[in-house]
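Protein chains in written order, with the numbering used here: chain A, 303 to 724; chain B, 303 to 724.
Certain hints may be false.
As the list makes no split between identical chains, a pair holds if one copy fits it or if it spans any two.
Claimed, not checked - 25 Å max Cα-Cα, derived DSS-like pairs, lysine-lysine:
1) Lys622 / Lys564
2) Lys532 / Lys564
3) Lys689 / Lys547
The set of hints was computed from the structure by calculation and includes no laboratory data. Please read these numbers as outputs of a predicted model, since none were measured by experiment.
Protein chains: 2
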Amino acid sequence: MYKASLERMEDKIKTFSQYGDAGHGGITRYTLSEADIQARNEFRKRMEAIGATIEIDDVANMYATLPGSDPNAKRIVMGSHCDSVRNGGNYDGILGVMSAMEVLETVAEKKIPHKHPLTAMIWTNEEGSLYPPAMMSSGIICYDYLPDEIKTGFKYEDMMNSKSVLDPQVTFKDALDKSGFKGDKKYRLTPEKYECYFETHIEQGPILEDAGNDIGVVDCVLGMFNYTLKFYGQTTHAGTFPMPKRKDAFYAAAQALLYLHKTIDALGHPELVYTTGEVQCHPNVHTCVPDYYEFSFDCRHESPELLNQVLQIVKDCANKEWAGCTCEVEKAWNRDTVYWNKTLVGYVKESCEELGVSHQYIHSGAGHDAQFAAYVLPTTMIFVQSKDGLSHCEPEYSSPEHCTEGASVMLNAVLKVDERGL
Amino acid sequence: MYKASLERMEDKIKTFSQYGDAGHGGITRYTLSEADIQARNEFRKRMEAIGATIEIDDVANMYATLPGSDPNAKRIVMGSHCDSVRNGGNYDGILGVMSAMEVLETVAEKKIPHKHPLTAMIWTNEEGSLYPPAMMSSGIICYDYLPDEIKTGFKYEDMMNSKSVLDPQVTFKDALDKSGFKGDKKYRLTPEKYECYFETHIEQGPILEDAGNDIGVVDCVLGMFNYTLKFYGQTTHAGTFPMPKRKDAFYAAAQALLYLHKTIDALGHPELVYTTGEVQCHPNVHTCVPDYYEFSFDCRHESPELLNQVLQIVKDCANKEWAGCTCEVEKAWNRDTVYWNKTLVGYVKESCEELGVSHQYIHSGAGHDAQFAAYVLPTTMIFVQSKDGLSHCEPEYSSPEHCTEGASVMLNAVLKVDERGL
Numbered sequence: 303m304y305k306a307s308l309e310r311m312e313d314k315i316k317t318f319s320q321y322g323d324a325g326h327g328g329i330t331r332y333t334l335s336e337a338d339i340q341a342r343n344e345f346r347k348r349m350e351a352i353g354a355t356i357e358i359d360d361v362a363n364m365y366a367t368l369p370g371s372d373p374n375a376k377r378i379v380m381g382s383h384c385d386s387v388r389n390g391g392n393y394d395g396i397l398g399v400m401s402a403m404e405v406l407e408t409v410a411e412k413k414i415p416h417k418h419p420l421t422a423m424i425w426t427n428e429e430g431s432l433y434p435p436a437m438m439s440s441g442i443i444c445y446d447y448l449p450d451e452i453k454t455g456f457k458y459e460d461m462m463n464s465k466s467v468l469d470p471q472v473t474f475k476d477a478l479d480k481s482g483f484k485g486d487k488k489y490r491l492t493p494e495k496y497e498c499y500f501e502t503h504i505e506q507g508p509i510l511e512d513a514g515n516d517i518g519v520v521d522c523v524l525g526m527f528n529y530t531l532k533f534y535g536q537t538t539h540a541g542t543f544p545m546p547k548r549k550d551a552f553y554a555a556a557q558a559l560l561y562l563h564k565t566i567d568a569l570g571h572p573e574l575v576y577t578t579g580e581v582q583c584h585p586n587v588h589t590c591v592p593d594y595y596e597f598s599f600d601c602r603h604e605s606p607e608l609l610n611q612v613l614q615i616v617k618d619c620a621n622k623e624w625a626g627c628t629c630e631v632e633k634a635w636n637r638d639t640v641y642w643n644k645t646l647v648g649y650v651k652e653s654c655e656e657l658g659v660s661h662q663y664i665h666s667g668a669g670h671d672a673q674f675a676a677y678v679l680p681t682t683m684i685f686v687q688s689k690d691g692l693s694h695c696e697p698e699y700s701s702p703e704h705c706t707e708g709a710s711v712m713l714n715a716v717l718k719v720d721e722r723g724l
Numbered sequence: 303m304y305k306a307s308l309e310r311m312e313d314k315i316k317t318f319s320q321y322g323d324a325g326h327g328g329i330t331r332y333t334l335s336e337a338d339i340q341a342r343n344e345f346r347k348r349m350e351a352i353g354a355t356i357e358i359d360d361v362a363n364m365y366a367t368l369p370g371s372d373p374n375a376k377r378i379v380m381g382s383h384c385d386s387v388r389n390g391g392n393y394d395g396i397l398g399v400m401s402a403m404e405v406l407e408t409v410a411e412k413k414i415p416h417k418h419p420l421t422a423m424i425w426t427n428e429e430g431s432l433y434p435p436a437m438m439s440s441g442i443i444c445y446d447y448l449p450d451e452i453k454t455g456f457k458y459e460d461m462m463n464s465k466s467v468l469d470p471q472v473t474f475k476d477a478l479d480k481s482g483f484k485g486d487k488k489y490r491l492t493p494e495k496y497e498c499y500f501e502t503h504i505e506q507g508p509i510l511e512d513a514g515n516d517i518g519v520v521d522c523v524l525g526m527f528n529y530t531l532k533f534y535g536q537t538t539h540a541g542t543f544p545m546p547k548r549k550d551a552f553y554a555a556a557q558a559l560l561y562l563h564k565t566i567d568a569l570g571h572p573e574l575v576y577t578t579g580e581v582q583c584h585p586n587v588h589t590c591v592p593d594y595y596e597f598s599f600d601c602r603h604e605s606p607e608l609l610n611q612v613l614q615i616v617k618d619c620a621n622k623e624w625a626g627c628t629c630e631v632e633k634a635w636n637r638d639t640v641y642w643n644k645t646l647v648g649y650v651k652e653s654c655e656e657l658g659v660s661h662q663y664i665h666s667g668a669g670h671d672a673q674f675a676a677y678v679l680p681t682t683m684i685f686v687q688s689k690d691g692l693s694h695c696e697p698e699y700s701s702p703e704h705c706t707e708g709a710s711v712m713l714n715a716v717l718k719v720d721e722r723g724l
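Okay, chain A solo, but in the shape it has when bound (with noise of 0.2 Å):
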C-alpha cells in the first residue's frame, strides 16, 4: 500500500491554477490556447524530470511513459485534459492529469517495482468549448471503435474543420497546426500499446459530500437520451391581438415543462436526472407574441427501461395542444450506460479499503474521455468529492487531501493490474 503526496499535489494544483488565471479564483483555459500550452509545458517539464518519456500524437494528445521491467507489458495509462470551460474551475479535468502525473511521482520516488509501463496522459480538447464538440480527441482516437451512431459525430474531416466559437475565421486545424503540439499518429492510444485506462475526475455532484465519503467508485456512465421539444404559435403584435385567441410557444413551452416535472417526478426515481438547460425563443421582442421556442431535454439513468419510459412521456408532448401551439419532438442523440471494467472498480474498491479512504459506488452522469476510451480499453473512473456539486464554474473545489486521496486510490488500483492483471 503506497500513498501519494499532499504536498506534491497542492504545488501542483498551485501551478496549474495559474494557467489561464482569469484573476477571480477560476481560469479559462481553452484547449490549444496560450493558457494550456503553458500546463501542457509544466506536464513536459514534471513528468521528464521523473525521466518519463513524452509522446505527442497527431491530435496533441500528450502521453509521458515510465518504463516497466516487463519489456512485453502494455502499459497502464491514466489520464483526463488540461483544457476548460470559459470561466471554469481548477479541478475539471486538470485533477486526472495531475494524479495521473501524482502517480508516476510516487512510483518513481519511493522507487516502487512495476513490470507495466506506467504512462500519464492529457486528452486534447475534451470540453470542445472553443473547437466544438465536446470529447473531441478521444473521438477521433477511438473513431474505429465507437458505435455507428456516436462515431459519425468525430469525423476526422469535420473535426479538423470544426470553427472557433469566437472567431470563425480559425478552425480547429489551425490552432493545431500553429500550437507546436502536432505530433505522430503512430503515438496513438491503441489496444496492441495499452493495457487499460484509468481516469480520475471531481464528482461534479453533492453525492459524496451529502454522504460524508471522500472518494467515489465510479461502476458506469449513465445512459441518456437528449431530445428537442419545439413549439410552434403565431406570432402577433403585443398590444393588439386578444388573449384568447393568441398562440404563444413560450408560454406552451412552460405548459410542456411544468407537465414534464410532473409526470415524470410521479414515476418516483428521484435518482434520474433531467435537464432543459438550452432555449431558443423567436422572434424575442418583448413586443411581439413568440411564434416558435424550444428547449432541450437530457435525461440521464442506469436503466435503459426507465429512460425508455421518460421519453416516451417526452415524445408523447408532439400529440399534445399546448396553448394553441403545437409540439414537435427532435431526437438530438442517445447513449445507452456504459459499465466500467468490473476488475477494475473491484480493484479501486479494493484500494480505498486498504487505504481507509471513505467511499462508495457512484454513477458518472457526465461525459468523459473514459467512456470513448472504454470502447478501446478495459476502463474505469475514480471520483473526487466536490464542494457544493459544484463544477464548470470558478467556486469548482475539491481539497487537495481528497485530491491527493485520489491519486493514492489510483495508485495502488494500478499497482493491482500491474501485479494480478485483469
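Let chain A serve as the given structure and place chain B on it in line with the hints.
Chain B in isolation, oriented as in the chain A frame:
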C-alpha cells in the same frame, strides 16, 4: 362627402410594395436604406405631380403640402412611416403614408375647396429595426413636449449615436448624412405651424375582422407597463446533480409564467393583454442547469386601476420562491393611456357614418408616432381591418377596398376640421 380612388390606392400599394421586396410577399425596408429612399422618392414624385411643396426636416421627416385658401390657417397633417421591420408586410406604416397621399391626390383631382394647407408626411425610423429605438424621429421632434420619463429615451445626441444592429460601426447619424434626406430643423412639425394630426394604420389585431367592421374609430392608445422578471438559481452539470437539490432558473420562470396567467386571467378582463415575448437564459447550454432566466412582461389596458392591479401581481412574484430560485422584478417603462382629441374622434366617426362604412370604436394597443404627436397637436387615428390580425410579418394584409375606405374616412374628417375647426 368625397371618396378616395380605389384604382389609385391599388396602384400605390403595388408600387410601394416593390421597394424592399423580399421576394415572398413582404418587404424589408429599414429606415434610410436604399429601399426606403426609393419609397421616399416615389412619395416626392407623386406629391410634386399634384403641386405639393416638399419640405424635409433635420431628421429626414418629409412633409408634402398643398396650399389652402386661407393664408393664416395652420396646416392639417396626416402621416405615418415607410420603414418596416425585417421581413415585414406591405401595409404597416406605409398605408398611413399612402392614405395621406390619397387624401391630397383626391383633393387635387377633385379640386375640393379647403382653407387649411394639407400636409402628407413621412416619419423617419418608426420601427427602429435597424437603429433603435422605435418612434425615434417623433421622439426627437416632440421631445420638448413629452413627459420627462419618456423624453429621456430620445435625447438627440443618443439618437444620432444609435448603432446599426447589423453593423455597430454605422450610426443613425451616418445613415442620415449619407441618405441625402437630412433637411432643415426649421421644417419640423410644430404647434405654431400645424393644426392637428391624423394617422391611418392597419389594426394589427383581429377585432375589426371578427366583428365584421371595416374601419376602427380609434379613441386612445392604451396605457401600458413593461417589466422584466429575473430568476436566479444555480448552474450545475446536467448529468450529476440530483433533482431535489437543483435551482433551475428556467423551471422557476415557467412556474411563475403559469402562475401569472392563472392569477391575471382570474381577474376576468378578457380585453386586457399581456405579453412575455423576450427571454434570456444563462448559460443556455444543454448540459447545464440554467442559473439565470428572465422574461419581459408587457401589459396594456385603458384603465390605470386595472394596470396597477396586474402590476401588483407581477411585483408580488419577487416575494415568492420559484423552484428554489429567487426572483427580481425590474421596471423597464410604462405610460398612461393617451386619449385622442374628442372632436377629431367625433369627425372620424361622423365620416364613417356618412360614407356608410361599417365601423366601431377601438383602442390602439401598439405604439405609433401619433402617440408622441399627441403631446404637440390634437391627434387621432383611423384603423383599417387587418386580415387575421397579423402584422410585422409577410402575410400582413388589408384589402384595397378597406384601405381606400380608410383614406375616404380620413379625407372627410380632414374636411370637417377645415370647415368647422376643432
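Verification of the supplied hints:
Both within a single protomer and between protomers do Lys622 and Lys564 lie at most 25 Å apart by alpha-carbon distance, with minima of 16 Å and 20 Å respectively. For a Cα distance limit of 25 Å, the shortest separation of Lys532 from Lys564 qualifies both inside one copy, at 19 Å, and across copies, at 23 Å. For the homomeric pair Lys689 and Lys547, the shortest alpha-carbon distance between copies (14 Å) is at most 25 Å, but the shortest distance inside one copy (49 Å) is not.
In terms of the numbered hints stated before, the structure departs from none.
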